[in-house]
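Engineer: Sequence:
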Amino acid sequence: MEKTDTLDLVPVKPSERSVVLDALRGFAVCGICAANHPEFSLCVFRSAETAAAMPSAGIDRALRRLPCIFVDGKFYTLFFLLFGVGFSIFLPNAALRGGNA
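In terms of this note's numbering, the sequence shown opens at residue 18 and continues consecutively.
Hints are computed from structural coordinates only; laboratory data are not their basis. Possibly wrong hints are sitting among the right ones.
[Said to hold, decoys possible] Ranges of calculated distance between the beta carbons of each label pair, as one might list FRET restraints:
no., residue 1, residue 2, range
1, G115, R81, 53 to 59 Å
2, V37, S58, 16 to 22 Å
3, R34, F62, 37 to 43 Å
4, S35, R78, 40 to 46 Å
Computed from a predicted structure; not experimentally measured. The beta carbon of each residue, even a glycine, is placed where N, CA and C say it ideally should be.
With these hints in hand, go ahead and build the complete structure from the sequences.
Structural biologist: Have a look at this one:
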């Protein structure tokens, strides 16, 4: 059996973190939560009769498409883009430290 070298795992130092990337990641995660809010609140699973009986049925119908226009898909794209940027920063740093990615 071949012995492999292992590195001690330690958290990234605050000075090595990118505050802008972290803030954008947090913004993207909040947007993803907003996009999934109808599923979290279970309102998409109610029947048409139940939805029509709600006091806010008129406004609900009018506002139902706003999240689709302004939220859906946009934050997933931002999050995946930021993941790629973070990974492109990680690879050269790992090579400089002598570790494998």
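Engineer: Against the structure shown, which of the earlier numbered hints fail to hold, in ascending order?
Structural biologist: 2
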